[in-house]
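Trainee: Based on the hints, put chains G, R, S, C and A in the right spot on chain X.
Chains as they are written, first to last, in our numbering: chain X, 547 to 799; chain G, 547 to 799; chain R, 547 to 799; chain S, 547 to 799; chain C, 547 to 799; chain A, 547 to 799.
Simulated from the structure, these hints should not be mistaken for laboratory data.
Treat the hints with caution; some may be incorrect.
Unchecked claim - When the alpha-carbon atoms are kept at most 30 Å apart in a straight line, the in silico DSSO-like pairs for lysine-lysine are as follows:
id	chain 1	residue 1	chain 2	residue 2
1	R	743	G	695
2	G	695	G	684
3	C	755	S	743
There are 6 protein chains.
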Amino acid sequence: MAYKEMIHMTWPEYAEMDDCITALCVGSVEQHGPHLPFIVDLVIPYEICCRLSEKYHLLVAPPVYYGYRSQPASGGGQGFPGTTAIDGITLINMVENILEDFYRQGKRKFLLMSGHFENTAYMSEASYLFTRNHPDAKVVIANWWELVKETTLDILFDGAFPGWEVEHASLTETSLMMYYRPELVHSDRIPDQQGKKFTPRPVIHPEPKGLVPASGILYSANGASHEIGKTMSEEIVETIGTILETEFQVSPL
Amino acid sequence: MAYKEMIHMTWPEYAEMDDCITALCVGSVEQHGPHLPFIVDLVIPYEICCRLSEKYHLLVAPPVYYGYRSQPASGGGQGFPGTTAIDGITLINMVENILEDFYRQGKRKFLLMSGHFENTAYMSEASYLFTRNHPDAKVVIANWWELVKETTLDILFDGAFPGWEVEHASLTETSLMMYYRPELVHSDRIPDQQGKKFTPRPVIHPEPKGLVPASGILYSANGASHEIGKTMSEEIVETIGTILETEFQVSPL
Amino acid sequence: MAYKEMIHMTWPEYAEMDDCITALCVGSVEQHGPHLPFIVDLVIPYEICCRLSEKYHLLVAPPVYYGYRSQPASGGGQGFPGTTAIDGITLINMVENILEDFYRQGKRKFLLMSGHFENTAYMSEASYLFTRNHPDAKVVIANWWELVKETTLDILFDGAFPGWEVEHASLTETSLMMYYRPELVHSDRIPDQQGKKFTPRPVIHPEPKGLVPASGILYSANGASHEIGKTMSEEIVETIGTILETEFQVSPL
Amino acid sequence: MAYKEMIHMTWPEYAEMDDCITALCVGSVEQHGPHLPFIVDLVIPYEICCRLSEKYHLLVAPPVYYGYRSQPASGGGQGFPGTTAIDGITLINMVENILEDFYRQGKRKFLLMSGHFENTAYMSEASYLFTRNHPDAKVVIANWWELVKETTLDILFDGAFPGWEVEHASLTETSLMMYYRPELVHSDRIPDQQGKKFTPRPVIHPEPKGLVPASGILYSANGASHEIGKTMSEEIVETIGTILETEFQVSPL
Amino acid sequence: MAYKEMIHMTWPEYAEMDDCITALCVGSVEQHGPHLPFIVDLVIPYEICCRLSEKYHLLVAPPVYYGYRSQPASGGGQGFPGTTAIDGITLINMVENILEDFYRQGKRKFLLMSGHFENTAYMSEASYLFTRNHPDAKVVIANWWELVKETTLDILFDGAFPGWEVEHASLTETSLMMYYRPELVHSDRIPDQQGKKFTPRPVIHPEPKGLVPASGILYSANGASHEIGKTMSEEIVETIGTILETEFQVSPL
Amino acid sequence: MAYKEMIHMTWPEYAEMDDCITALCVGSVEQHGPHLPFIVDLVIPYEICCRLSEKYHLLVAPPVYYGYRSQPASGGGQGFPGTTAIDGITLINMVENILEDFYRQGKRKFLLMSGHFENTAYMSEASYLFTRNHPDAKVVIANWWELVKETTLDILFDGAFPGWEVEHASLTETSLMMYYRPELVHSDRIPDQQGKKFTPRPVIHPEPKGLVPASGILYSANGASHEIGKTMSEEIVETIGTILETEFQVSPL
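This is chain X alone, in the form it adopts within the complex (with noise of 0.2 Å):
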């Protein structure tokens, strides 16, 4: 069967798709290494809806490219070239504005979900705000590296899981891509680097420069590979799957 994507159809298409699950994906401009391009924050949890799609009722709406801003913490900073971002109040109304207006043409289920650890908070709030004023929808935000289960992580790592603060440009995220969108990873430019794991440190504005290694990976992405990425994407899809069972009491086609 085949994925539900809003951005391949017709008017007509989604017409019969009516009272179906809507899937929004917000994403990040944001360096991610010298082997991954910057939209690796979209296109993982866009694929997973792709992937979704296909076995729900379920439509993937058009994608959100830009989030916000990049934490050194979790993604390196603002300070790698290219690394673009919106504010956090034009991203709270840029995706209230979309669940409303999808819940003016009768959508009352969404699934909300980005690649992207600093929109969380925001796409968060927007949902808030968005059912304050329409009880009678009903958003899920699903992060997907929280749904990777843990004995998973420990076959995956050997036991030596570094932490997801750290797996940025790292070793899932560059699986993923390797299954995802094999064409724009460049597995030889991996360096041979290994990160330290996070250690806890205070937030500091303007941003202090030499927090992140100079690659841009945060662990290592040495190891990744195209079974890793599909291993780890058939559990993340088949887990969503099953809080979309539960929250919106649906089935599988």
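Mentor: Chains G, R, S, C and A only, in chain X's frame:
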């Protein structure tokens, strides 16, 4: 030479672009008849910018899918299933934010494009506010439909060009899409329709029903072809190239 | 019968108007050549509404002088001394506030008029947001220059109408001002100027200099007369009257 | 010498004003009893500014009709038919926008006036925000009712001045209107009413009914005259003139 | 009976309050002479509300320290070290948000208090917007200084009350602080100062220097005492109690 | 040495602080179980800052009680009686306003603290926007729970630290409150509860019921003590002190 799409770049590749023109495209999620996808208004300017990036030192920034509300007079209006928009205020803020964050990285030359007439006022306001704060930056906003020569239109339409107001999902957009993204055009679904020329009428809220043909095509898509699209595209790219040379004092590569 | 201008009314007089159409005019403070005052874009729609208030149960609300920024392509731009504007966001909020507060008082039928093209998008957005909250209200936005019949233009211009884009401070506006407020027209200062038809060009920020004739008249005011103004005014008033009858199902008094 | 009203000027006339004081008046659309029009709170400051423009190098900018909501304690409240207002936030933004755009044109000296007490806080905030961004500009906000000498009030009221709180639509406003715009005063409709002095009371939302006399006059308009208006006007103009001389270091023409 | 301060409560204690009046106090961080702390404008209304909570079924919500900018005419202005404020727009939104979130929990009766004149307009606008959305809620805004009887002032001041305008950090505030929070009053630092009565003057931005006495006391704190504070407090609490009984139809406990 | 709390200072005392670090604490009004008050998230950072003000040239600014909405995953959510919040946009604006107004007075070094995880994103955005405008200022945001050493947690919890996610109203917060404000802790009401470790789950709006234990304690408060609180407090104060020394290049007094 390859397109310089930021969505496919890594940060070191971006870093090499340095003092380039930055091209930002804003689209719309708007019905375009039974034969074209919702994202026509993004595809056309984005493909134009990609071609410009072959000839000039120009970066194609990640695009924005969602734009301002569709008006019945120029896009079919909000009543068609799937037409989805953001508020004018949000659009102003988003475009200003993106320009601002590229400016932080040293960019000073911007090309703003949209395939959606309704975005124009908001994109212009964003650019005004941005350059008021940063008078050393320059923003050029080019609407492709204003840049096709009248002589070309006469040839394409045998002297019967019905006016841009009704060219929504009609001959020109269909031809350009056939050239740019043929896999997204359903030629077999083009209805045998002949619309009417636009008659000015008041704008009414809430939007009245029945103002546009049921297909969503305002005039007619009959006769559209890959060749017409190619001819138009080449002319538009050349015209905007000349504008860039004049306004930013750049030369072709 | 007298004009029903709210600025001249006491509250008991207003109270008698009850379920009338409420007409709100938004102007601009924008240069209009060496012979016309800054407020042409308010005078014209306001005088039209006054004449409508003689024929229909219609209240002319206190007008708004300041509008959105002048664009070089349609009004000479911001570079002329005295051209003074408010932000697009402020204009949206102000119009929405005023509609909202008349709604609180029971008004449901609104005519919005402006003599300034650049206001259009913001007035429409305000009306959209207002009627989204209050679907039992209806707003009609009528631009006078879109309502002059082509046959009339042919007669007035001997078939040489140059297009509305360049009719700023030119023949039609000058004629209407001669009819409405002759004491504000300095006929002796009308330069012997013949402008050019409009050629589409990109919008550029910061605004370039020298895009329009030094006089501020985009085409030519030669030949303007009180009679032409009277003819146009009567036709516009009649056309809008018909629109009001259709949209609000009202009859002339 | 003539009034220097920008609403009657052409742009070359404005250009000659150069480094003048710019006077902006904000009114209200607020009931003023059965004998006065809605726009009293604009007419009074505007006419004061016109007279100041005869004596000083001062430009009277196009005024703003709509102001902040009427409070029962000072204007009768929102309950009277026709009393129409904009939000406080909109008022702040509008005034700041206008100041900002005159500043862009080189203006640095501003006189802000309003005849509506309720506008005061918002006009002051707009001026604060404006001068925070532009410390080389100066804004003087003068409320006419604070500038009438106590000795004058004693003479006018025979020592029985009831306090400005109840002077809404009463003796002073009526007299000033009789002097400035006698054609808008319906003396024959002045009720034989004697209001009470103001007793402080809590502000309550939603606004309670019956807080003010049914006429909308808070105290009494009996005894108002053209002569009283003239005397007050001359004194106020003289006092503000002295303020302008001190604050802007200007001299009378 | 104990004060019902929410800042000291657990959630089960709050839950028992149920359908109470909710009192929200907004202060200011504003100089109050060499003898009083910055937070006088919060302490006074908060202590009043605590006393009201002994007598009525009234909850004292967590207070807000920061208020709107100090004006020279009523608080010494922004020029004194430490006087720190938030924007008017932020104050409107904050108060509206808090009211809204208590409303969500079922609260419908609100008492808003402030000891800072400059907050008044913004608190009223917040309440207006809140009750416009929720007409079944009621907000009473009581300024303590408007509720002291004139006869009391005559006794306290021997008939020489200088007017509330200059009572900043002066006799009444000092006395109330001596009664409420004696440990925060430095009586030994009260200067031997005799201020002048207020003379109305224009508001000027940027704020001029030297408008108020160097101490920050606008009139005089000499003669302040715990007893005067106690007398005033008891009278104010009684007066507001009566207002609550009337407006919310409640009885003392 | 005494705490340097601005809420207890007069303006001359503040003036002597001059070029100090300014510490601003933002709390939340959020349920903290049956044994702790709503204001735990303010008390903890505020008391930490007070202790820092004994050792460093640091001013404790008046705090902010209201913060962002409680999330079920970290604070019990909005469903508990009394949990009261402001919008994310308001929180951004308020924090930025306060920083801005201290900057106006010459402050350049800021410590921002909160005891409420949900505030983090908004406080960071406010600081970003503030320092973007004022790059000569520096803001350090320190979350106390990120600064307790793992070795300490091992000792305190006998190696069974359940993770900070469930430490809401649990052992650490209860211990710190017992140390800081014992009079506000109702030890006798601590339920014999043993919560579960946190399992990541999607964020859902409207907020589902029953996600957290009925007590509002996410894990367990059993075993909390004044001594544990003292140990943690001393360690946190020392750690933040070191951060201040590094970031602001200051020395202990």
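Trainee: Decide, hint by hint, whether the structure agrees.
Mentor: Outcome of the hint check:
{"no.": "1", "hint": "R:743 / G:695", "verdict": "holds (15 Å)"}
{"no.": "2", "hint": "G:695 / G:684", "verdict": "holds (25 Å)"}
{"no.": "3", "hint": "C:755 / S:743", "verdict": "violated (36 Å)"}
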